[in-house]
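Visitor: Residues per chain, in single letters:
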Amino acid sequence: MTEPTPAAPRTEQGPHRVVVVDDHAMFRTGVKAEIGRSVAVVGEAADAETAIKVVLATRPDVVLLDVHLPGGGGIEVLRKVHELNPDQKFLALSVSDAAEDVIGVIRGGARGYVTKSINGVELIDAIRRVAEGDAVFSPRLAGFVLDAFSGAIDLAAVDEDLDRLSAREREVLRLIARGYAYKEVARELFISIKTVETHVSSVLRKLQLSNRHQLTRWATDRRLV
Amino acid sequence: MTATESDRPALPPAPRELHRGLDLGADPDVAAATGLAPAHPTVPDAASEPASPRATRISEGAVLGGVCTGLARHLGWPLMVVRIGFVGLALAQFAGVIAYGALWLLLPPETGERAPGLESAGRAGMRDVSRPRRRADWGMLTALVALGTGLLWIVQTSGLGLRPQIFWPVALACAGAALVWRQADTSQQKQWRAEAGGRAWLVPFVARGGWPAMVRVIVGLGLVGTAFGIVIAQQDQIAQLREVMAMATLALAGLAVVLAPYLYRSRTALNEARSAKVRADARADMAAHLHDSVLQTLALIQRQAEDPKAVQQLARRQERELRGWLYGEELVETTLKVALTAAAAEVEDERGVPVELVMVGDTDMSDASKALVRAAREAMVNAAKHSGADKIDVYAEITDDLVEVFVRDRGAGFDPSSVAEDRMGVAGSIMDRMTRHGGTATVRSQPGEGTEVRLEITR
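Residue numbers (our numbering), protein chains in the order written: chain E, 3 to 227; chain L, 52 to 510.
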């Protein structure tokens, strides 16, 4: 986001506070073991209802949110928590990789999406980015977004601002889809990492706010082709 | 795939079940022959699916029966064009109404077949299954109704249409029939039928559908009745008995048309129940197959616990297979996506290096894209063999006139100006292959920075 985030100085105050929401106890334990040294896991939950309570009570920097969750899925948690605390930041984790789930949870308000096979170092980095107010795009998510924003655009329905990616945003996304880290994207395009982050955040905003009906239909439609 | 099996001394022979599941991915004929549901996203499901998708009625966003929405999606036309077409046809002696009714009967409703993992997550309330609400486009609707009425009026007053004595009864009867039909086509129909004791034709009359449903049925029947009344009132002279008889026949035909959906539907329901059983059986078989493969892999992992590389490879392979089956999209035809996915999976299995494939767009296979896939596969093998990277990223983008594939690793890299011969050989063969088909291949590498191969071909 372009606006300065109040959470930024917290890095100085200590590790980021994280809540892990996943219905598999084994996965929660594994994640805690992997990231526990670098971040403070202040709570965990196994279903949507508990997650909403825990997140609202602890107000962590970042919530690691499983997409598939008993009690309405990750979307339900996003919806209920954002009603009461619109600033809560979520990083979605999923094993499914199904386009509709990924796009759905991002449009629901998550600030990033990573697959569960992500390693500990990358996960900690993703948590830091989300905590600092940036967006985290995996190559797959970048691919989905490029797919969703490409193709036949219903010209009458295009809202110039929200329904199109700028050439630069497209370039950044393509590099991410090719497996480039933000640092490498910045070097490739001769821009600063901060600028890369701004572009990605702007794409995230478009993804969340765009009313392009193709975007919502896109995920379901592509299964039928 | 079997030829490469011997290249892997670190790994014991794969368990039978697992092995078969993976082989299916490479050989669609085997899949067809064994009649198994796809265990892998790359299996073209040619055995059970017809080549061209059937048109279906789509209830989501439907105004009446979803016929227009379904046709529009099937034909790839804009929805409004199809709708206006039907209204236009309706003006021509009601041909549109008849066609719409026939299609309503004949087109099967869309069935939301999904990957089993997504389906079960949806059933368990673990993911959001609510559909976005349809935005009512009242402006457009009003305009269309006004336009339609206007056109109808012009046709009628210009003397080209039906005589008013016939026009009004027919219009009323059609409106009535449509109202009753609409009733028969709701999602609650199955429940209602159960309440009606299996007598499908009773459904709209006895089932509880709330007052809107009752009003709809009463108004519908009222309209049909009024239509009869008007006809009979017009024909009260005995001299016109023949016409009265003809009208009565028409009325009976109308009644038959009204009842036809119920008869047809009860038959369809029976057929659906049968095929549902077949599907359930197939699912059970698949579940058993999966359990076997997963359990086998777990056993193997325990035995191989000392060799982290082998364990990782086993886990990765099992994960891919399971993920593909649970959440994968069905790739029914032979497209570039299928071919690249298969190539990436093969390299992953042979070399034990994870290959992350991201694709934007898709295209049918041609000679050029076959060459592209082979070149991409070589680039992947190359990266897996020489780079030492723990992951290979493959990105393919298909635009209107261009297909691009990037194969990237974050491994050792090399200095392209002082290449070792073997690398040059592989790079050369990739380049040759691409140039022969009018494409290009560029290799970008730096020591310590990894390598990226870019393949490009015009469509």
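Rather than coming from a laboratory, the hints here were simulated on the basis of the structure. Treat the hints loosely; a few may be bogus.
To be verified - The calculated lysine-lysine pairs, modelled on PhoX-like cross-linking and capped at a C-alpha distance of 25 Å, are:
(1) L/Lys421 - E/Lys118
(2) E/Lys82 - E/Lys55
(3) L/Lys328 - E/Lys118
(4) E/Lys34 - L/Lys328
(5) L/Lys360 - E/Lys185
(6) L/Lys360 - E/Lys34
Nothing here was measured: the structure is a model prediction, and the numbers come from that model.
Visitor: Give a verdict on every hint.
Guide: Now the hints, each set against the structure:
1. L/Lys421 - E/Lys118: violated (32 Å)
2. E/Lys82 - E/Lys55: Within the cut-off at roughly 10 Å; holds.
3. L/Lys328 - E/Lys118: Distance of about 35 Å is beyond 25 Å: violated.
4. E/Lys34 - L/Lys328: Between E/Lys34 and L/Lys328 the Cα gap is close to 44 Å, so the pair fails against 25 Å, i.e. violated.
5. L/Lys360 - E/Lys185: violated (29 Å)
6. L/Lys360 - E/Lys34: holds (24 Å)
Checked against the numbered hints above, the structure breaks hints 1, 3, 4, 5 and satisfies the rest.
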